[in-house]
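Fit chain B to the given chain A structure using the hints.
Which chain is which? The protein sequence lines are A and B, in order.
Going left to right, the first sequence walks through residues 1 to 403 as the numbering used here numbers them.
Going left to right, the second sequence walks through residues 1 to 403 as the numbering used here numbers them.
No lab work stands behind these hints: they were computed from the structure.
Among the clues, some could well be false.
[To be verified] Far from chain A, by Cβ distances over 10 Å, these chain B residues were calculated: (1) A271; (2) T324; (3) A338.
[What the hints assert, rightly or not] Taking lysine to any residue pairs in the SDA-like style, the calculated list, with each CA pair at most 20 Å apart, reads: (4) B:K184 / A:L212; (5) B:K184 / A:R136; (6) A:K184 / B:L212; (7) A:K329 / A:L354; (8) B:K184 / A:G140; (9) A:K184 / B:E133.
The beta carbon of each residue, even a glycine, is placed where N, CA and C say it ideally should be.
Number of protein chains: 2
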Amino acid sequence: WASAMRRSGVGFVVAGSGAAVVGLVLVLAAWRRRKLSQSAAATTRSADPRGSGGNEPSRGDKPPKSHKEAPVLDFDPALGVDGRPISQGPDFPLEEIARVQAPFPHRAGTPRQGTLAPHARSRLHFHTYIPPETLRDLDGFSHVWVVFRFHINIDRSKKRQREIKAGARRGFSAKVVPPRAGGKRVGVFSTRAPHRPNPIGLSLCEIESVNLRARRIDVLGLDLVDGTPVYDIKPYIPWDSVPRHALRVPSWVSCDDELPSVTWSAGAEEAVRDLVQQGHLAPLYSKRNPQAVEEVIKAIAEVVAQDPRALHDGRGEPTDGEYTMTFSKLRVGFEIRADGTAEVLTAVLDPGDLLAPPGSYQQGLALRRAEEAKAAEEGRRLRWKYELLEGMTQERVLERLTA
Amino acid sequence: WASAMRRSGVGFVVAGSGAAVVGLVLVLAAWRRRKLSQSAAATTRSADPRGSGGNEPSRGDKPPKSHKEAPVLDFDPALGVDGRPISQGPDFPLEEIARVQAPFPHRAGTPRQGTLAPHARSRLHFHTYIPPETLRDLDGFSHVWVVFRFHINIDRSKKRQREIKAGARRGFSAKVVPPRAGGKRVGVFSTRAPHRPNPIGLSLCEIESVNLRARRIDVLGLDLVDGTPVYDIKPYIPWDSVPRHALRVPSWVSCDDELPSVTWSAGAEEAVRDLVQQGHLAPLYSKRNPQAVEEVIKAIAEVVAQDPRALHDGRGEPTDGEYTMTFSKLRVGFEIRADGTAEVLTAVLDPGDLLAPPGSYQQGLALRRAEEAKAAEEGRRLRWKYELLEGMTQERVLERLTA
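Bound conformation, chain A alone (with noise of 0.2 Å):
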């Protein structure tokens, strides 16, 4: 589960305690900053960045030192390296190298683990500052970890909306509710959810093939959304494995609650081969592709049996009637039973919905599809924006639909 936590930020209650911590950050910071700037008034303090250090305040009544005094070792874990409280500003920046196309469009259906949905196909998709030759010799590994950005765990309470106004560059909660943890509270550093102090993913996924002119990787078994900006590869080297005997985990993470079997309607699996084969599915699974509709079938099959249900939807009960996800530009409908079995009952072409309610999943799909669709009738170029949609307030949306 505990990667599911990382783009699940829906199935994560943050726990309340949070709040409160971040307010005493936030007033010990102030003080620490006035006390600061105090002394900053009573001493030179070097234009030099990285170079000066020590200008905190020293624990007894002594002066702050001057630059050429300023102790080499002089480090508080409260103050970055230039002296400053670390949560004030920008630290260490990160360029995006790379973009992820994947047949998710939204956290919800998102697969929980890469591993448990092999068949999902995606694409990471280097930027062009990025030379070829930094991908050369990639292919020569089975696997990649990719270092990510959780980019649409946006929190949109009241709350947290002031506490970032109120100074605090990003919120984030000491504890959080896993999904599959049956409400228990557990450290945010116990988990891999979204809603941490950098909000820095970590995802490994199958390297199928490695295109250099494209700047272009198709990897199997990636557990991202569509659009999900990339910082960094690395390849999973053998010193990656910790042998079993070795690995210890707490029970909540390594209970298995995959569905024990699902079955498809036949409904559904035709509607999916007749959309595969008209190429709606492309370019990430092509109606050239022999394998494809093969491909789609297993994967949505290892999404469901994972069941990607919200919690708030019924996760883990059998459903009351069908229950729908996106999978690529398919709504898929399916039913989970009261014996665990699960089965795929419907597949439709899946343009979103302009009615449903204002700042829903429905209505920003529909108004992506409508974008990506007037795109294609232009002959433009399909480029991607999601964080306007995944973030937008219900204001912006209705802007724009009446635009």
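Same frame as chain A, now just chain B:
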């Protein structure tokens, strides 16, 4: 070896093609910037860095779109989410959450893989703005990933400095020469080399204990330099292990070149025992820990077995006399014989060498140890600011020495 590349920037020969590519990228970026500013003059750019988008001139001669018409899906890999070329300015800032305290004061002598030196003991000290509760439940896991910054890989070459001055925020090379690949040049993304577009590193270590109140995690087998800044930690989960039959790596990765045996001279072992029991290696190896002597002896043997010498010092060749490495406060002399076996010959308290060439490792260590001693004498709490020394120019070192 791959992880070795992580810190042994020393061992890395930066491939020449990188510079040419960076140059080309700069020219293209400048051209794009001009086009952009032309388009900006002709239209209204939204001030909202996230919400506007699509301000890049379209492929044809159509005028750029205004805010409301901006295509939602507009994403050009060469442009950031705000429409500016991606190589300009900061993108995604990370905040340091913790620092590593380790027995490896320098890249040379830091194990190339943590798992190859499982007796090396380190600590992660979390900053005070991180609530202790974030670490709750982490002790249920045996292993943890550490996401860190390659903080001391400062390329001092004039060419790289010119490039950085000319606008490249960070230099990186398309190809690098891994330390153990026999001179083979490979794409930077097929390595874990430190000189990469975003200098993020990934290390695995074993959790020994978690101290919530002290915001501290004691770990074993971490392959990081003392003082390394940490940005995230993530528990190791069963899905992180790729089974051996599914894993494939190039031959230059899997080659096992560990030395068959490392023996100790009686004098060296005696010296280690005395110095540990006098408390010189505290707090990582405390004199109150009855295993400390044994652990230090094992850890040093593990590091020597990997031949910690730099390539230009003859790595892989029998030593011509005694070579040294530094482990915590020990200077360890060893030789590597023609039959591939090694012997640890001496171990002395290493104060560094103030008379060593300015900017050299031994002189840097001397400055640092002098500061440590002075702080201890004055009863000041020891704190760290290693960048100061690691990245120090010759002039700055002299300035400090004569201050």
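Going through the hints against the structure:
1. A271: Non-interface label stands for A271 of chain B: nearest chain A Cβ at 25 Å, farther than 10 Å.
2. T324: With a cut-off of 10 Å, T324 of chain B remains clear of chain A, as the shortest Cβ separation is near 23 Å.
3. A338: The assertion about A338 of chain B holds, with a minimum of 28 Å to chain A.
4. B:K184 / A:L212: Holds. K184 of chain B to L212 of chain A sits at ~19 Å (cutoff 20 Å).
5. B:K184 / A:R136: Within the cut-off at roughly 12 Å; holds.
6. A:K184 / B:L212: holds, 18 Å
7. A:K329 / A:L354: holds, 16 Å
8. B:K184 / A:G140: Since the Cα atoms of K184 of chain B and G140 of chain A sit roughly 14 Å apart, the hinted pair holds (cutoff 20 Å).
9. A:K184 / B:E133: Roughly 14 Å between the alpha carbons, so the hint for K184 of chain A and E133 of chain B holds.
No hint from the list above goes unmet by this structure.
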